[in-house]
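J.: Chain by chain, the residues:
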Amino acid sequence: MPSSAASGLFTMPSQLETAMTEVIEQIGRSGLHAVRSFQDNLAFAVKILTRMFDVRAYNSAVRMVLINQIYFTSVQILPLVLVVAIGFGAIVIGIIGQYLIQLGLFDYFGQLLQGFVVTEIAPFITVLLIALRSSSAVNAEIAVMKVNKELNTLHVFRIDVINYLFLPRIISGILSIVLLSWLFSIIVLISGLIFSALLFNMRMNDYVTLLLASANFSDTIVMLIKCATMGFFIIMIPIRYGMRATDELTSIPVSVLHGMVNVFIAIMVIEVVSLIVTSLIAKLI
Amino acid sequence: MAQEKHRLGLVSLEAPLISNLSVLSNIALIKQYHGRLPVREAEDIAEMLLKKLQLEGISGKRNPVLEEEQRFCVMVLRAVMVENANLIIDRPFKIMPDLDDTRFIRDVLASVDELFRECHIFDYLWNEKRYTGGMIDGA
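Residue numbers (the working numbering), protein chains in the order written: chain F, 1 to 285; chain A, 1 to 139.
Calculated directly from the structure, the hints in this document are not laboratory data. All figures in this text were calculated on a predicted structure; none of them were measured in a lab. All C-beta atoms, glycine included, are put in the ideal place defined by N, C-alpha and C. Careful, some of the hints might be misleading.
As the list claims (entries may be wrong) - Derived lysine-lysine pairs resembling PhoX-like cross-links, with alpha carbons at most 25 Å apart: (1) A:K51 with F:K149; (2) F:K283 with F:K146; (3) F:K149 with A:K5.
Stated by the list, open to error - If you want the footprint, here are the derived chain F segments under chain A, 3+ residues with CB under 8 Å: (4) 28-42; (5) 145-156; (6) 232-243.
Claimed, not checked - Ranges of calculated distance between the beta carbons of each label pair, as one might list FRET restraints: (7) A:K52 with F:G87: 17 to 23 Å; (8) F:I86 with A:H6: 34 to 40 Å; (9) F:G28 with A:H6: 31 to 37 Å; (10) A:P97 with F:L132: 52 to 58 Å.
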């Protein structure tokens, strides 16, 4: 309130006050926009989840798209996942092992492999690989379909876009992240076996015993849920942003840009939430 | 009215072919989705219709590489896959600008006339001369 209000007189706000008001309004607008966007995404996620468990949503057309999507998302990326996992396993296990030996903490080698590499790094790298490859592709594909009026075609012929276009892509995203994370972990552990034998003269029996001793069931469940959640959101968000494209071709790169930025924000949020959940579970146990 | 909407088989550039599906899949999609037919069965029907129009050679092609007449035929075949279709052809000369008259359109429709109930063609009045002896529903 202006200081002159006490005397009953209102003066024109100073330039500083106007600028401050504008800044506060801008923050408010951005906040409201973020909250609305979050609400919309959540409502859309609930809608997709409801359809996912509706048997009527699946027919031969949807199944065909699902199979194609699984091939594009999970199978075509296999060579890249294999190469990254082998390279990562060799480098990380070599470095971690060396440091643990130097610090005299080699007994924790198994725990580090299970807790850090398998439950944290493997899903994270898999999600990054799939987000870079498939999320951007899905975002661009939906935006192009919108610009080309192909979504209008589906509407005219009463083909539900959620059932036909979105569900198969999201299901394939979930399956891909879960399965490829497992594969990534297994390859890292196998390359760990080979490299720990070569670098630290560790016997296979000792390695397996170390891993089994540090295996944790609750961590595995949290990892599974985290992978499924990430798979869901890294495909759902690009779909949402693809749908926001207008009739102009120039809106395609803009929608991909916004979609991918939000995908990376979602990955970070899910990572943080999963860390909190894991630590809460650890405290409870 | 709602029932009529279910029978709508639109042939228009406003409802283009899906570009990441082949011609065969574009036609079969309607029967797969609404008729809940297996892929093979729906594609057999689509293949048979393409043969009727002597277009079996384009079954594996996608929308961007089709010629204008081929694109029109595929759109008609997709539209007649709707059960008891009411065919609406929206500005056919916009789909095939090089056509002089409606003979090609009539021939295509005659080849599949058992598959639709009605057919309405909507076009601009200035195209009236191209519809020699035909009816024009609107402008």
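J.: All the hints need checking, so say for each whether the structure fits it.
T.: These are the hints, each one checked on the structure:
Under the criterion of a C-alpha separation no larger than 25 Å, the hint pairing K51 of chain A with K149 of chain F is inconsistent with the structure, at around 28 Å. For the suggested pair K283 of chain F and K146 of chain F, the alpha carbons sit about 48 Å apart, so the restraint of at most 25 Å is broken. Note on K149 of chain F and K5 of chain A: the hinted pairing holds, with a Cα-Cα distance of about 19 Å set against a maximum of 25 Å. Chain A is given as covering the segment 28-42 of chain F, and this is violated because 0 residues of the stretch bring a CB closer than 8 Å to a CB of that chain, at least three being needed.
Here's how the segment 145-156 of chain F fares: 8 of its residues keep a CB closer than 8 Å to some CB of chain A, so the rule of at least three is met and the hint holds. Requiring three or more residues with a Cβ within less than 8 Å of a Cβ of chain A, the coverage given for the segment 232-243 of chain F is violated, as only 0 such residues are present. The given range of 17 to 23 Å is broken by K52 of chain A and G87 of chain F, whose C-beta atoms sit roughly 56 Å from each other. The hinted range of 34 to 40 Å is not satisfied by I86 of chain F and H6 of chain A, whose Cβ atoms lie roughly 55 Å apart.
About 47 Å separates the C-beta atoms of G28 of chain F and H6 of chain A, a value inconsistent with the hinted range of 31 to 37 Å. The hinted range of 52 to 58 Å is not satisfied by P97 of chain A and L132 of chain F, whose Cβ atoms lie roughly 42 Å apart.
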